[in-house]
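Q: Residue numbers (the UniProt record's numbering), protein chains in the order written: chain P, 1 to 322; chain F, 1 to 322; chain D, 1 to 322; chain Y, 1 to 322.
Keep in mind that the hints are not guaranteed to be accurate.
Just so you know, same-sequence chains aren't split out, so a pair can sit in one copy or run between any two.
Below, in silico cross-link-like pairs of lysine-lysine (BS3-like), each with a Cα-Cα straight-line distance of 30 Å or less [claimed, not checked]:
(1) K277 x K307
(2) K308 x K277
(3) K277 x K217
(4) K277 x K319
(5) K319 x K282
(6) K307 x K5
(7) K80 x K319
(8) K316 x K282
(9) K277 x K302
(10) K316 x K277
(11) K80 x K308
(12) K54 x K307
(13) K50 x K319
What the hints contain is simulated information worked out from the structure, not anything from laboratory work.
There are 4 protein chains.
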Amino acid sequence: MSEIKRIGIITSGGDAPGMNAAIRAVTRSAVTEGLEVYAFYRGFAGILDKEFRKFSFSDVGGIMERGGTILRTARVPEFKLPEIRSKAAQNLKELGIDVLVIIGGEGSLTGGKLLSEEHGIPVIGIPGSIDNDISFTDMCIGVDTCLNTCVEAMQKLKDTASSHERAFVVEVMGRGSGYIALASGIAVGAEAVIIPENPVDFKAIAERIWEERQRGKINSIIVVAEGAASAYTVSRHLENRIGFETRITILGHVQRGGAPSAFDRLLAARMGHEAVKAILEKDFGVMTSLSRSNMARVPIEKVLSEKKELDMDLLKLSKILS
Amino acid sequence: MSEIKRIGIITSGGDAPGMNAAIRAVTRSAVTEGLEVYAFYRGFAGILDKEFRKFSFSDVGGIMERGGTILRTARVPEFKLPEIRSKAAQNLKELGIDVLVIIGGEGSLTGGKLLSEEHGIPVIGIPGSIDNDISFTDMCIGVDTCLNTCVEAMQKLKDTASSHERAFVVEVMGRGSGYIALASGIAVGAEAVIIPENPVDFKAIAERIWEERQRGKINSIIVVAEGAASAYTVSRHLENRIGFETRITILGHVQRGGAPSAFDRLLAARMGHEAVKAILEKDFGVMTSLSRSNMARVPIEKVLSEKKELDMDLLKLSKILS
Amino acid sequence: MSEIKRIGIITSGGDAPGMNAAIRAVTRSAVTEGLEVYAFYRGFAGILDKEFRKFSFSDVGGIMERGGTILRTARVPEFKLPEIRSKAAQNLKELGIDVLVIIGGEGSLTGGKLLSEEHGIPVIGIPGSIDNDISFTDMCIGVDTCLNTCVEAMQKLKDTASSHERAFVVEVMGRGSGYIALASGIAVGAEAVIIPENPVDFKAIAERIWEERQRGKINSIIVVAEGAASAYTVSRHLENRIGFETRITILGHVQRGGAPSAFDRLLAARMGHEAVKAILEKDFGVMTSLSRSNMARVPIEKVLSEKKELDMDLLKLSKILS
Amino acid sequence: MSEIKRIGIITSGGDAPGMNAAIRAVTRSAVTEGLEVYAFYRGFAGILDKEFRKFSFSDVGGIMERGGTILRTARVPEFKLPEIRSKAAQNLKELGIDVLVIIGGEGSLTGGKLLSEEHGIPVIGIPGSIDNDISFTDMCIGVDTCLNTCVEAMQKLKDTASSHERAFVVEVMGRGSGYIALASGIAVGAEAVIIPENPVDFKAIAERIWEERQRGKINSIIVVAEGAASAYTVSRHLENRIGFETRITILGHVQRGGAPSAFDRLLAARMGHEAVKAILEKDFGVMTSLSRSNMARVPIEKVLSEKKELDMDLLKLSKILS
């Protein structure tokens, strides 16, 4: 392969705080190395529609602190069709894109892997997802900010929960993963955490809440991952058993927004820079990874071959500490 | 009436951030003046159950910054019965309470007014309610913090809304009042605000969202006051009309928690102190009030006689500015 | 005077959070009414240099939540010279500016008053200043956000102060006014507040800190307004008297930044809209004002004729409650 | 050694947000396992003075979210004297403390190591320090919260910096380490970061600021680690060279306070629990460690034998990205 001159960049799948910081880092590192940066809008959709802009150093000024992604994002289900991917590859080639940087989660990395395998498009992945469900990296961009948002909201609930004799049910995101629910539940001392990785036992939860009331604890918070149940379902089940009112909070997309935390900004800056280093070394098909505080790279194929397991010790911990 | 020696204090109704700061200010001001402070738990319920503690200066240390109320609160529907109020008055007399300070909203003030009229219990009211529905005061304790919580959450939604092509529906509190919805909607530039004071026109809202999409605006936020409709109802109505997905956020009791804002702390400190000044001057039956940045007092009867009107100019403003 | 077609707008003096929200409200209200908006950069300097941009409805999108001012600001000392003001007036006339909206503090309003008196330029003022030193309005844009910033920082200090046996000195802004120091001092229960309006008595402060230590209170915070003394001076004086270490925090311009609070956004929205209403009614030479939760207008001349007095009851309150 | 029945716990050295969450986790995990917990106040000083309290499960309720440490902390320089350590060891033995859990930084771990070596007191370390200067763990408790505090403050500075033509100098903590300065500098895109690990070149910094002004960038932020220079020194040097005003912010102990971030709460919970696991396994003389998202243990001796090196790639990154 000849010299790399022009890179493409997309954010894809669910947005995550820190994606803008990653866009900035990729762009500035690339421009500093003399590369051209073509930024496509709405993920793979922008490649299909040839909706893009050339980014200079200053085009990414003032975006690091903003949640969401200035490139927007979209889920593009039709990307599962080979002919659609073929079209995308053709567009990238026509535009002279030598390598595509993909910031996103598992689905986005899978799209990249297929583009690469089927059409020889070199890709680099950067893990951005609030769900923390990508393996072979200590953290994904966005998880830390999302957890802070959840914990701040739940901490406010605790204030008011202590003033009443009620139980509160909070529904958080995470798709198939219970990580956000579990980590935020531990961080606020929730009475119970309901996650997809573990069968829910409403009887046990109701008993626990009752016992804690006897012990004098009055602020009961139950965290439920969207992948396990809805807040309404949990609320109905519990009210029937505990005999007093529950109240519901559904944070929804609030969890995807907000200025990224220091951790996510730093992680995004480092990963964006690492992606450009990989490009210069022509080390393609890899995802940037945080490993023991250092930057590393893992073949995307390896990342996709293994499901990130939830550390079930955390579930035990959540029960002991609350 | 002889000299005042002992005051009672309760927080009642829905809790509001800043109630603790008010408890602290009443206690410290009273103790400084040589008065005794009996703090009753769970509002009028604690008077009925004689569940109280004598508070010293240091008992209220470190509480100002905490949301909720350390005295807890409860709605006591049976307080509508004369015989229950009679029991409460008797308890207060037995305990030698010379005057009762009530921190709460309209219902709580009504309870106090009746105690006073029927049994000659002197009362002082301090307006604490996130709903901002108490008349004759520029602000109630808790409104400012609640608005900040709503605005922060909605601002995060805007980040992510700008990344997607979706509309977001946020349900906020306010009971019969649309103030929180309207004020927070203006503060984040929401596309539409649905409040109980104004009939909802789903067709007009859907058209507006469509027009704005045409104009290129992509982050649509619709705020709905719980008193007007539920987020679900609004979501269903809009999806049918606009033809794309909506997402829901229900903040719930998160709005009642959180460290109080500077404004609420200062307001609570001033009102708590003013309540004690009123006690020393034997100016009973009044509610402390913020009027043009100054402390004032208004007869509770006058407060209860007039419904606080929502400034409908704000509704116009919300339409012009977004 | 003929019909109003074109308005100018500047932010001037020290920046304050919420100025952007005011710019947005003026622009959108004016454009909605068919007026043209010329936004000048760096306050009066931009008028002198004819550095401006015509603002459309969408030019002020996404700015409400940002601290500072997108129009920048500058102090322009030479505006005290009549010939410089004459030049500014000439530029405004050449550009066909029918009325100038000035968002700023006392100095900026004075500049506007002179432009009006000397050259017949109609002006409207909007009070924006973190110092809360403008009379005839219950609040200025920016004060609320600034107080929240101060209080959050001081609250963090209290955490750590409780862990050590030290006293902490925090220097806050306010120019000639002690309002920020006093209001934030009350809101965190500071042991002492040193303000320009009241002579400092280091001996009394040191004695108080000593007494509180005896009583067991270990987290001493002393707030000092920049107009009264520097943190270093206070620190040196106290260390000599109390015999243990003090630590210093100087918040500096951190106090001017940050996303505006809900209160400041709403205030700015209302004032910006009110300014345009005044323009349409040709009610010139007035400042928009918050009065008992309502919008009002006050002649700028009246505003400038009276110094805003600090409510000295607050000083007493700060002593009683801590 | 016989069965473990009673553990001691201290927080020592500089306080860090999350220490309370660690105290809670150690206590609750230990009590759950049937152990007694003796909590000593003010670090080693409390052992010397036998100032302690027995902690039950509920004694550590409601502390996780609070900054600082409820056990207080102190630097005890005399602990360098063998006879003082001897006295501490004797007290621990008299009180029947079977193992001592030390939450703190390098100095505290050194104290623990000596107690162990000289007097056979089993110890377990938990790394708590905002400076991130402890080796063999990916993160210390407190670093994440401290970084968020710094980044939030600096972000506010950027707002106002964009409104003026000034440069801002921010002094942050870190003792001998430049980590906080560097990480927060990257996270806000600071123009320059001055750290003890790298000689400062004021000429180069001044030139850079000048160049960026030419390029149109107007918000210059210079971060300086306390271990490298003071904000005043930096300010004076720069003003002489750049010819315009600088403004100073000294965050001071604000950096040590604040509710701990989700990350720090989770880390503290896990490390506290791991410490108790180590105790039950009689795996003494180790420090709990975060390694690739998992809990691990490292001999304290090994931790102390190696200085944590600052990743100098971060310095390069800070220059490329701003």
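Q: The structure should be examined with respect to each hint, and the outcome stated for every one.
A: Comparing the hints with the structure gives:
1. Taking CA atoms no more than 30 Å apart as the test, K277 paired with K307 passes in both settings, with 27 Å inside one copy and 28 Å between copies.
2. Proximity of K308 and K277 under a CA criterion of 30 Å is satisfied in both settings, with 26 Å inside one chain copy and 25 Å between copies.
3. Taking identical chains as interchangeable, the C-alpha atoms of K277 and K217 lie at most 30 Å apart only when they sit on different chains, with a minimum of 26 Å there against 53 Å within one chain.
4. In this homomeric assembly, K277 and K319 come within 30 Å of each other (Cα to Cα) only across copies, at 16 Å, whereas the closest approach inside a single copy is 43 Å.
5. For a Cα distance limit of 30 Å, the shortest separation of K319 from K282 across copies, 24 Å, qualifies, whereas the shortest one inside one copy, 47 Å, does not.
6. In this homomeric assembly, K307 and K5 never come within 30 Å of each other (Cα to Cα): the closest approach is 35 Å inside a single copy and 41 Å across copies.
7. Taking CA atoms no more than 30 Å apart as the test, K80 paired with K319 passes in neither setting, with 41 Å inside one copy and 41 Å between copies.
8. Taking the closest pair of Cα atoms, K316 and K282 come within 30 Å of each other only across two copies (21 Å); inside a single copy the shortest separation is 44 Å, beyond that limit.
9. With identical chains, the CA atoms of K277 and K302 are at most 30 Å apart within one copy only, with a shortest distance of 20 Å there and 33 Å across copies.
10. For the identical chains of this complex, K316 and K277 are inter-copy neighbours only, at 13 Å across copies versus 40 Å inside a copy, given an alpha-carbon limit of 30 Å.
11. In the homo-oligomer, the alpha carbons of K80 and K308 lie at most 30 Å apart inside one protomer (23 Å), although the nearest pairing across protomers, at 47 Å, exceeds that limit.
12. In the homo-oligomer, the alpha carbons of K54 and K307 never lie at most 30 Å apart, since the shortest distance is 36 Å inside one protomer and 44 Å across protomers.
13. In this assembly of identical chains, the alpha carbons of K50 and K319 never lie at most 30 Å apart, being 51 Å within a copy and 33 Å across copies at closest.
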